[in-house]
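Just so we're aligned: the sequence shown equals residues 0 to 427 in numbering that gives the first Met the number 0.
Since the hints were derived computationally from the structure, they do not count as laboratory data.
You may find that some hints are simply not true.
[As the list claims (entries may be wrong)] Derived lysine-lysine pairs resembling DSS-like cross-links, with alpha carbons at most 27 Å apart: (1) Lys192 / Lys296; (2) Lys77 / Lys208; (3) Lys315 / Lys349; (4) Lys315 / Lys192; (5) Lys102 / Lys77; (6) Lys91 / Lys212.
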Amino acid sequence: MEEAEQALELYQLDYSDLILLSSAKDSSSASFQQIQRLQLITQTVMENLGPTGPGLIAVKSVPVASNLRRSLLPLARKLALLNYEDQNRILKEHNLGSDVPLKNLDRIVSSFASQLNYNRTDMDGTEGEAIVVNDDIERHKDELSAEFENLQHDFKELGIRLMEIGLCLARICDGVIGSRELEQSLLESCTAKGRLIHYHSTVDNCIIKQAAKRKGLSNGRCPANGTTKASLQRALARSSCGGRADLWQQWHYDYGIFTVLTDPMFILSSDQEFPSPSGHTYLKIFHPEKDSVFMVKAPPESVIVQVGEAADILSKGMLRPTLHCVCKPVDLVELSRETFVVFLQPAWSKTFSLLDYPAERLKSGYQQADLSAKDNHDAELEPKDLFREIHNIVPPLSLRMRHGMTFAEFSRETTKQYYGGSGLQSKR
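Given the sequences, and given the hints that come with them, work out the whole structure.
In structure tokens, the structure reads:
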């Protein structure tokens with residue numbers, strides 16, 4: 000299956016060029032060749048993020064990000080496999096929470112989240128989604144705590160760097176669009192949401208359930224062996240996303256401005272890092288202009304930036320949101336996927352205007368209109384059933400957005416449409 004997937008090589012923007020393009024410094028001293036080069040880069044960035052592009056790019060050579068990624072990402076799996084009591088203690092020590100039910104033994108994704116601020120004062124641990132830590136726990140220095148001692152620092156430090164990338168890119172896009180709408184919306188929100196995400200292997204779910212049965216053993220760490228073939232088969236049948244065993248996350252749009260994330264890391268149940276089996280990220284996107292589905296391939300240790308629906312609305316359609324899902328290699332039962340994501344969004348009180356938004360896109364739900372062209376697609380590359388499935392589970396923007404709606408209202412309506420009691424992915 001994976002060999003037949005079309006791969007999309009992301010456009011690579013060098014971090015140094017990102018800073019140059021977003022700088023307010025006078026360019027009068029720059030050479031003609033340098034000005035031309037930067038203009039071409041800006042044009043290419045907008046082509047990739049705009050209506051005819053895939054809606055995402057890669058930023059490479061980000062200072063310190065590679066080391067922070069290598070330190071932080073392996074902790075996602077270790078955190079996910081702790082028993083609930085130890086897990087809760089470590090999260091409290093590092094001012095982290097979660098937006099998934101960690102007591103659910105059938106979960107296929109574990110997410111550890113914290114609020115990040117657009118300044119560095121949150122590095123002292125006194126701001127953000129802080130949870131008061133019991134003094135006894137704070138003094139308790141055991142082997143487990145030592146393993147996670149850099150968790151909060153690395154989470155915050157990497158988060159701030161990804162926020163900076165998003166803010167710089169917003170400034171570049173604003174320069175082309177002719178407004179400060181994107182940058183100002185991010186600054187007015189004051190905060191972003193960071194998530195350290197572990198996508199479970201099939202073996203991980205077996206380990207978690209076995210550990211729950213023999214609670215108290217292994218000093219909080221789940222046993223890495225004893226998983227039977229029968230239990231693996233049962234877990235594989237249960238560990239599906241909306242009935243799809245080959246997905247960790249169903250098709251959807253992010254509804255913020257930008258989603259900024261690390262190149263994923265893959266880890267075996269032995270805790271060893273493993274190269275991507277297919278060479279791509281297992282992030283799959285639908286490219287409307289090409290009427291095709293692609294697997295995203297990013298440079299190693301780069302940072303990926305995806306466009307969200309709020310950016311589409313605020314830019315009056317000059318940026319295209321990325322329709323995507325996360326695939327799971329079902330034959331590799333020991334392989335998990337780790338990543339760190341920062342969601343950049345407007346303030347909850349931000350009011351959206353649709354006065355200059357392309358009416359045909361909103362009225363028809365252009366995402367759905369693009370998908371309706373599936374009959375012209377090469378059936379050998381992607382079955383028509385997949386396009387029909389995407390059409391059925393992704394609610395069109397016209398059902399979730401109204402003129403004058405705040406971002407908070409848009410967020411609630413989007414969540415309801417996807418995951419509510421009668422939502423299109425409520426049985427996900």
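Results for each hint:
Proximity of Lys192 to Lys296 is assessed by CA-CA distance (about 25 Å); at most 27 Å being required, the pair is judged to hold. A distance of roughly 15 Å separates the Cα atoms of Lys77 and Lys208; the hinted pair therefore holds under the 27 Å criterion. Distance restraint check for Lys315 and Lys349: the Cα-Cα separation of roughly 15 Å lies within the 27 Å cut-off, and the hinted pair is therefore satisfied. For a cut-off of 27 Å, the pair hint linking Lys315 to Lys192 stands: about 24 Å separates their Cα positions.
For a cut-off of 27 Å, the pair hint linking Lys102 to Lys77 stands: about 16 Å separates their Cα positions. Taking the CA atoms of Lys91 and Lys212, the gap is near 24 Å; set against the 27 Å cutoff, the hint holds.
Consistency note: the structure conflicts with none of the earlier hints.
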